[in-house]
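2 protein chains.
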Amino acid sequence: MLLYEHLADDFSSLIANGQIRPGERLPSVRHLAQQRNLSVSTVLQALRTLESKGLIEARPQSGFYVRGRGMRLVQGSSHDEVKPAVEVGLSGNLMKVLHQNESAGMAPFGSAIPAPQLLLAPKLNTLYSRIARTQPKLLAKSSHGHVNEDKLVRALMRRYLEWGTHLHSDEIIITNSCTEAMMLCLRAVTREGDTVAVESPTYYLMLQLLEAMGLKALEIPTHPSTGISVAALELATRNNAVAACLLIPNGSNPLGCVASDDNKRAIAKLLAQRNIPLIEDDLYGDICHSKQSNTSANNSANGHPRPIYSFDESGNTMLCSSFSKTVSPGLRLGFVAGGKRAADVLFQKTVNSGNTNAITQNVLAELIESRGFDLHLRSLRRKLSDQIARTRDAVERHFPTETRITDPQGGFVLWIELPEGINTMNTHALAVKEKIAFVPGALFSPSGNYSNFLRLACGHPWSPQLDDAVKRLGAIVGKQ
Amino acid sequence: MLLYEHLADDFSSLIANGQIRPGERLPSVRHLAQQRNLSVSTVLQALRTLESKGLIEARPQSGFYVRGRGMRLVQGSSHDEVKPAVEVGLSGNLMKVLHQNESAGMAPFGSAIPAPQLLLAPKLNTLYSRIARTQPKLLAKSSHGHVNEDKLVRALMRRYLEWGTHLHSDEIIITNSCTEAMMLCLRAVTREGDTVAVESPTYYLMLQLLEAMGLKALEIPTHPSTGISVAALELATRNNAVAACLLIPNGSNPLGCVASDDNKRAIAKLLAQRNIPLIEDDLYGDICHSKQSNTSANNSANGHPRPIYSFDESGNTMLCSSFSKTVSPGLRLGFVAGGKRAADVLFQKTVNSGNTNAITQNVLAELIESRGFDLHLRSLRRKLSDQIARTRDAVERHFPTETRITDPQGGFVLWIELPEGINTMNTHALAVKEKIAFVPGALFSPSGNYSNFLRLACGHPWSPQLDDAVKRLGAIVGKQ
Chain E
-8 MLLYEHLADD FSSLIANGQI RPGERLPSVR HLAQQRNLSV STVLQALRTL ESKGLIEARP
52 QSGFYVRGRG MRLVQGSSHD EVKPAVEVGL SGNLMKVLHQ NESAGMAPFG SAIPAPQLLL
112 APKLNTLYSR IARTQPKLLA KSSHGHVNED KLVRALMRRY LEWGTHLHSD EIIITNSCTE
172 AMMLCLRAVT REGDTVAVES PTYYLMLQLL EAMGLKALEI PTHPSTGISV AALELATRNN
232 AVAACLLIPN GSNPLGCVAS DDNKRAIAKL LAQRNIPLIE DDLYGDICHS KQSNTSANNS
292 ANGHPRPIYS FDESGNTMLC SSFSKTVSPG LRLGFVAGGK RAADVLFQKT VNSGNTNAIT
352 QNVLAELIES RGFDLHLRSL RRKLSDQIAR TRDAVERHFP TETRITDPQG GFVLWIELPE
412 GINTMNTHAL AVKEKIAFVP GALFSPSGNY SNFLRLACGH PWSPQLDDAV KRLGAIVGKQ
Chain R
-8 MLLYEHLADD FSSLIANGQI RPGERLPSVR HLAQQRNLSV STVLQALRTL ESKGLIEARP
52 QSGFYVRGRG MRLVQGSSHD EVKPAVEVGL SGNLMKVLHQ NESAGMAPFG SAIPAPQLLL
112 APKLNTLYSR IARTQPKLLA KSSHGHVNED KLVRALMRRY LEWGTHLHSD EIIITNSCTE
172 AMMLCLRAVT REGDTVAVES PTYYLMLQLL EAMGLKALEI PTHPSTGISV AALELATRNN
232 AVAACLLIPN GSNPLGCVAS DDNKRAIAKL LAQRNIPLIE DDLYGDICHS KQSNTSANNS
292 ANGHPRPIYS FDESGNTMLC SSFSKTVSPG LRLGFVAGGK RAADVLFQKT VNSGNTNAIT
352 QNVLAELIES RGFDLHLRSL RRKLSDQIAR TRDAVERHFP TETRITDPQG GFVLWIELPE
412 GINTMNTHAL AVKEKIAFVP GALFSPSGNY SNFLRLACGH PWSPQLDDAV KRLGAIVGKQ
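Same order as they appear, the protein sequences are chains E and R. The numbering of the first sequence is this note's numbering, which starts it at -8 and goes up by one. The numbering of the second sequence is this note's numbering, which starts it at -8 and goes up by one.
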């Protein structure tokens, strides 16, 4: 037996006995080499052997970790059937849950907001301070219906151009948030009582927007790895009953899937042909970490998969986004590229809130143009990816074996399926008492689906406290 | 004949001969005393004699001016009749006019925006710079549905308390503008197709809001000096057909009237009894300069007449405002005190734009709490009052004698009535070629009233250029 085989054998036993558990990190290569008096290359060979057997996995810039027993993945629905559109009425429950999640001292698996230390509020403060001093005329300007600072428009165009997406300066409208951007688009293209197609499951705020506007939701089956079913969308939009689509193709929330370029192209074509406006939420585009994205057509220089918008030359797609997940949730600045309906969106912006603060626009422009910003994004993606992996490990260790879980390619939330019969609204009530926040699955569907699902947000750096919270949550689930 | 009688006689002749014209300022008391070798008290006696004869008038901190020949005032409608509600469809014309008004080099009688040098953008810059440095955590915060910075809420409460208006901290919602505040209120209490009662004439943005939401406008006769007709409002709201009222009781735009406290009390009572929500725009409350306001019940320490809100203990009134006319139109920060419907307004805020930038909130809070702010308001009121007087003088000198004009008690716009048959949309087309901006009367009514009216904004310090612009505008009108 060779030296590296000895070492590999030792660790195989330790893992088999449960002495090193799934999700735990092995000692560093250097440490092992010193400890066992082996060469670094021998240790590396041992680790590669374990890796090839599927017992451990390397995580970039972090080390080698014991792989889980292979928790089962959440399955997509097996059919492309679409149920009739329904009215949305979950806002009462939603507000209650979100309010409870914000009590002091809750384990932060609720809202999908990165921990402050992962973001750039300090840089924003510096920029505010400097720009307010050096560009004193910004707040003196006022103009009816002109909402954009050119500098920010150009910065957005340059960024999107890097991954093959041409925004046009005359279709961009700076807004007070991505939420406002989507709302303005909905107002521009729908009327009360209309039907809007959404992914199923979809982000609860999308459903709340529809509820607030008296719009019906049409749930389109969406697969955790491939995204929305194009076939189902085709079926659902045949009879002119859909006024608009509201989708998150890059890092769908809560599934974390990124649609393939082929599917994006097909969706762009289908909706343009049928003249059904697509409102595309690209909020998670900058924090996709799909394993495929380096090898597939989703490939792009800085990791941002192309949005559907970039496959649509007809102007039918309205691209909405902001930097609330990558810069600061408190900045309150988003934008929409409104395509052929930009004038209607601008009208809505004018009457709904008027212009947008020009200092804040210049602050954001300078930040995203700064040399360090792409480095920041890379680092953020790595950290979020690590946090997701840690949380998955913990769920695997602490939740019942029947649990299924997603392997997200974008964003930083996990979607977890518990055995049927468990109602996660009840789980939530129990978890709140244990100071654990999450969002129950029922809030991601207007028609009562996903009552045995829950969403865990992975916005915070891993800690023993978080591990303990997952453990206690697993215990609550286990008793139900 | 006494010395002072001689001097008074001289000036009487000069005025009668047109050698000193209406609106022109007399030489200063000191100057006259030196020039004529008279004592100051003799000069003053002469001036008081002229004043008592109605030939000149004193303007605070500015001097003595030749009074006009007494231009006739715009008359209110003589009846309390209310015509049926109508759909609003003037946005196309409005956008065109506002766009033309913003061409470079236009005489600035268009939008009601004070000149930058009258406002506080430099102070805002200083505060931005300091607050971003000294309160680095402001942008790191994020919370679903909590939009307020406590410091701004407290500052607003303190300010309103000074003139007898108790805002409650739990009903205040900070917004991105007064426009957003009103829009959120409308969304909270109306549905597409509903009818909203407005003053007639009313601010075109109000009508644009209704148009954007598919709401009908019910025009309530409003008098240039006494404000909206309470009798007409009573009549119009008898049969439950009105979903909400959207009014500007303090410095109505374009009439500039301030409703009396009695009328405010009556309106509050009427609408509360009938459970018809009142959305009250108090944007001009801080820049009212009613002559009555020092002697009547409108009296208040710092010149802000009480809003209807303060006469309504039922929670039926939703008070909306911002500091865009007194601090900076570019700040983009407003608020609403939502009364008993505050939760519904907050829900609308959450889904329409989410939270509001916390640095900007603290900047405004510090500014309006600063010791100089009330002094600034006093100075601003004086300047605006002077600009109104100068513009009135110029209109009197340069417009046809049949012209009627308002004597505004609030805000800084003049509402001018031309002989019937003149269509001010045509006047506007001609004026644009002469580089003169204003807003045609037709844009203040959804039913085609006021086509022979126009609104002149008096936001800019008086100058020979402005006088010349009024002269050329008068010539255009004269030829029509």
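The reader is advised that the hints may include incorrect statements.
Identical chains share a label here; the pair holds if one copy fits it or two copies do between them.
With a Cα cut of at most 27 Å, we get these calculated BS3-like pairs of lysine-lysine [as the list claims (entries may be wrong)]:
| # | residue 1 | residue 2 |
| --- | --- | --- |
| 1 | Lys128 | Lys114 |
| 2 | Lys44 | Lys128 |
| 3 | Lys114 | Lys132 |
| 4 | Lys74 | Lys424 |
| 5 | Lys142 | Lys128 |
| 6 | Lys426 | Lys74 |
| 7 | Lys142 | Lys114 |
| 8 | Lys128 | Lys331 |
Simulated from the structure, these hints should not be mistaken for laboratory data. Values in this document were obtained by computation on a predicted structure and should not be read as measured data.
Results of checking the hints against the structure:
When the C-alpha separation of Lys128 and Lys114 is checked against a cutoff of 27 Å, the pair qualifies both within a copy, at 22 Å, and between copies, at 11 Å. Taking the closest pair of Cα atoms, Lys44 and Lys128 never come within 27 Å of each other, the shortest separation being 64 Å inside a single copy and 47 Å across copies. Taking the closest pair of Cα atoms, Lys114 and Lys132 come within 27 Å of each other both inside a single copy (25 Å) and across two copies (15 Å). When the C-alpha separation of Lys74 and Lys424 is checked against a cutoff of 27 Å, the pair qualifies neither within a copy, at 36 Å, nor between copies, at 59 Å.
When the C-alpha separation of Lys142 and Lys128 is checked against a cutoff of 27 Å, the pair qualifies both within a copy, at 14 Å, and between copies, at 26 Å. For the identical chains of this complex, Lys426 and Lys74 are neighbours neither inside a copy (37 Å) nor across copies (59 Å), given an alpha-carbon limit of 27 Å. For the homomeric pair Lys142 and Lys114, the shortest alpha-carbon distances inside one copy (18 Å) and between copies (23 Å) are both at most 27 Å. Neither within a single protomer nor between protomers do Lys128 and Lys331 lie at most 27 Å apart by alpha-carbon distance, with minima of 32 Å and 40 Å respectively.
Comparing the model with each numbered hint stated earlier shows that hints 2, 4, 6 and 8 do not hold.
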